[in-house]
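Asker: Single-letter residue listing:
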Amino acid sequence: MWQYEKKLQYPVKIKTPNPRLAQIICTQYGGPDGELGASLRYLSQRFAMPYPELKGLLTDIGTEELGHLEMIGAIVYQLTRNLTIDEIKKSGFDAYFVDHTTGVYPSSASGVPFTAAYLQSKGDVLTDLHEDLAADATTTKEQPAFPRARKPLI
Amino acid sequence: MKKLSGAQFAALEMQLFLDTHKNNADALKSMRQYQRQAAEYRKEYEERFGPITHNDPFGDTRFEWLNAPWPWENESEAKK
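Protein chains in written order, with my numbering: chain A, 3 to 156; chain Y, 22 to 101.
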């Protein structure tokens, strides 16, 4: 079971809203390589893990990913605070806004809603660990991709 | 809050290490030390801002947990 702590793993304090950036960061919430997929992946795979080390590690990492999910949610929320209609239209945030207003919704940057098809749980230790390695590698692609995606926009 | 998050994060990192190195007594000692540190910072934080979990013993007549700051909100939102 889980118990909630009313705090973020690391504080999020954004002063200047930026709806365009929010739409990009949102993919880390509910996109193909986002925190929601990560936590569901690890927390689902652990049931089939044969070793205590792996059951423990997947439990702890899956739990930590939920903490990351909450931080990303806080970032998206704060980036879309107090927007004017003009800001929404100019930034291109209108496409998100028409569906969700400023509600935090698990979708990719291009607007695809979260799906469990982003992850696999195969009941086999080697298959699942390979999937975890692949999933982890996506973050090394996202980190350089974020500034690349941001540059022409800001 | 920064001190609390720092100590919690350090304890968590040691916890993840221990998941695959359960016989490492140094790491275990280090995790316990960070956990104790986090407990102290938590107490300091809660005395100033309110309870972080439902279990924390604050308030005799009112459910104080609801009034502690929501982690995604800033001060002006909290005053609403």
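Be aware that a few hints might be false.
What the hints assert, rightly or not - Listed below are the simulated DMTMM-like cross-link pairs for lysine to aspartate or glutamate, each with C-alpha atoms no more than 20 Å apart in a straight line:
no.	chain 1	residue 1	chain 2	residue 2
1	A	Lys-124	Y	Glu-65
2	A	Lys-15	Y	Glu-61
3	A	Lys-143	A	Asp-35
4	Y	Lys-23	A	Glu-72
5	Y	Lys-24	Y	Asp-81
6	Y	Lys-64	A	Glu-55
7	Y	Lys-23	A	Glu-89
8	Y	Lys-43	A	Glu-55
9	Y	Lys-43	A	Asp-62
10	A	Lys-17	Y	Glu-96
11	A	Lys-143	Y	Glu-67
12	A	Lys-15	Y	Glu-98
13	Y	Lys-24	A	Glu-7
14	A	Lys-15	Y	Glu-94
15	A	Lys-17	A	Glu-89
16	Y	Lys-24	A	Glu-89
17	A	Lys-57	Y	Asp-40
18	Y	Lys-24	Y	Glu-68
19	A	Lys-8	A	Glu-72
20	A	Lys-8	Y	Glu-94
21	A	Lys-17	Y	Glu-98
22	Y	Lys-50	A	Glu-89
23	A	Lys-15	A	Glu-72
24	A	Lys-8	A	Asp-62
25	Y	Lys-23	Y	Asp-81
26	Y	Lys-23	A	Asp-35
27	A	Lys-8	A	Glu-55
28	A	Lys-8	Y	Glu-61
29	A	Lys-8	Y	Asp-40
30	A	Lys-17	Y	Glu-85
31	Y	Lys-50	Y	Asp-40
32	A	Lys-8	Y	Glu-85
33	A	Lys-8	Y	Glu-65
34	Y	Lys-23	Y	Glu-67
35	A	Lys-143	A	Glu-89
36	A	Lys-57	Y	Glu-34
Said to hold, decoys possible - Quick list of the computed label-pair ranges, beta carbon to beta carbon:
no.	chain 1	residue 1	chain 2	residue 2	range
37	Y	His-75	A	Lys-91	30 to 36 Å
38	A	Lys-57	Y	Lys-24	45 to 51 Å
39	Y	Asn-45	A	Val-127	35 to 41 Å
40	Y	Asn-95	A	Ala-50	41 to 47 Å
Hints listed in this document are in silico derivations from the structure and should not be mistaken for laboratory results. Idealized CB from N, CA, C, for every residue including glycine.
Asker: Against each hint, give a clear statement of whether it holds in the structure.
Answerer: Status of the hints after comparison with the structure:
Note on A/Lys-124 and Y/Glu-65: the hinted pairing is violated, with a Cα-Cα distance of about 45 Å set against a maximum of 20 Å. For the proposed pair A/Lys-15 and Y/Glu-61, the alpha carbon gap of about 24 Å is over 20 Å, so the pair is violated. Distance restraint check for A/Lys-143 and A/Asp-35: the Cα-Cα separation of roughly 10 Å lies within the 20 Å cut-off, and the hinted pair is therefore satisfied. Distance hint between Y/Lys-23 and A/Glu-72 is fulfilled; the C-alpha atoms sit about 17 Å from each other, no more than 20 Å.
Distance check on the hinted pair: Y/Lys-24 and Y/Asp-81 sit about 28 Å apart at the alpha-carbon level, beyond 20 Å; violated. Taking the CA atoms of Y/Lys-64 and A/Glu-55, the gap is near 32 Å; set against the 20 Å cutoff, the hint is violated. At roughly 33 Å between alpha-carbon atoms, Y/Lys-23 and A/Glu-89 are farther apart than 20 Å, so this suggested pair is violated. Among the hinted pairs, Y/Lys-43 with A/Glu-55 is consistent with the structure: their alpha-carbon atoms are about 8 Å apart, no more than 20 Å.
With a CA separation close to 14 Å, the supplied pair Y/Lys-43 and A/Asp-62 stays within the 20 Å bound. Only pairs whose Cα atoms come within 20 Å are accepted, and A/Lys-17 paired with Y/Glu-96 is accepted, the gap being roughly 12 Å. Between A/Lys-143 and Y/Glu-67 the CA atoms are separated by roughly 39 Å; this puts the pair beyond 20 Å, and the hint is violated. As the CA atoms of A/Lys-15 and Y/Glu-98 are separated by approximately 13 Å, the hinted pair is consistent with the 20 Å bound.
With a C-alpha separation of about 16 Å, the suggested pair Y/Lys-24 and A/Glu-7 falls inside the 20 Å cut-off, and the hint holds. At roughly 8 Å between alpha-carbon atoms, A/Lys-15 and Y/Glu-94 fall within 20 Å of each other, so this suggested pair holds. As the CA atoms of A/Lys-17 and A/Glu-89 are separated by approximately 16 Å, the hinted pair is consistent with the 20 Å bound. At most 20 Å may separate the alpha-carbon atoms for a hinted pair to count; Y/Lys-24 and A/Glu-89 exceed this at roughly 37 Å.
Under the criterion of a C-alpha separation no larger than 20 Å, the hint pairing A/Lys-57 with Y/Asp-40 is consistent with the structure, at around 9 Å. Our distance criterion of 20 Å between C-alpha atoms is met by Y/Lys-24 and Y/Glu-68, whose separation comes to about 15 Å. Simply put, A/Lys-8 and A/Glu-72 have alpha-carbon atoms about 11 Å apart, close enough for the 20 Å limit, and the pair holds. Straight-line distance between C-alpha atoms of A/Lys-8 and Y/Glu-94 comes to about 12 Å, which keeps the hinted pair within the 20 Å bound.
For the proposed pair A/Lys-17 and Y/Glu-98, the alpha carbon gap of about 13 Å is at most 20 Å, so the pair holds. Restraint check for Y/Lys-50 and A/Glu-89: not satisfied, since their Cα atoms lie roughly 52 Å apart, outside the 20 Å limit. With a CA separation close to 13 Å, the supplied pair A/Lys-15 and A/Glu-72 stays within the 20 Å bound. As the CA atoms of A/Lys-8 and A/Asp-62 are separated by approximately 18 Å, the hinted pair is consistent with the 20 Å bound.
About 28 Å separates the Cα atoms of Y/Lys-23 and Y/Asp-81, which puts this hinted pair outside 20 Å; it is violated. For the given pair, Y/Lys-23 sits about 28 Å from A/Asp-35 by alpha-carbon distance, which is inconsistent with the 20 Å threshold. Taking the CA atoms of A/Lys-8 and A/Glu-55, the gap is near 29 Å; set against the 20 Å cutoff, the hint is violated. A C-alpha spacing of about 17 Å is found between A/Lys-8 and Y/Glu-61, which places the hinted pair at or below 20 Å, so the restraint holds.
For the proposed pair A/Lys-8 and Y/Asp-40, the alpha carbon gap of about 26 Å is over 20 Å, so the pair is violated. Straight-line distance between C-alpha atoms of A/Lys-17 and Y/Glu-85 comes to about 27 Å, which puts the hinted pair past the 20 Å bound. For the given pair, Y/Lys-50 sits about 14 Å from Y/Asp-40 by alpha-carbon distance, which is consistent with the 20 Å threshold. At most 20 Å may separate the alpha-carbon atoms for a hinted pair to count; A/Lys-8 and Y/Glu-85 meet this at roughly 12 Å.
Between A/Lys-8 and Y/Glu-65, the direct Cα distance comes to roughly 15 Å. Compliance with the 20 Å bound is thereby established for this hinted pair. For the hint pairing Y/Lys-23 with Y/Glu-67, the CA-to-CA distance comes to about 13 Å; that is within 20 Å, so the pair holds. Among the hinted pairs, A/Lys-143 with A/Glu-89 is inconsistent with the structure: their alpha-carbon atoms are about 30 Å apart, more than 20 Å. With a C-alpha separation of about 16 Å, the suggested pair A/Lys-57 and Y/Glu-34 falls inside the 20 Å cut-off, and the hint holds.
Y/His-75 and A/Lys-91 have their C-beta atoms about 43 Å apart, which leaves the hinted 30 to 36 Å range violated. Between A/Lys-57 and Y/Lys-24 the beta carbon distance is about 32 Å. The supplied range of 45 to 51 Å is therefore violated. At about 23 Å, the CB distance of Y/Asn-45 to A/Val-127 disagrees with the hint of 35 to 41 Å. Restraint check, Y/Asn-95 to A/Ala-50: a C-beta distance of roughly 43 Å satisfies the suggested window 41 to 47 Å.
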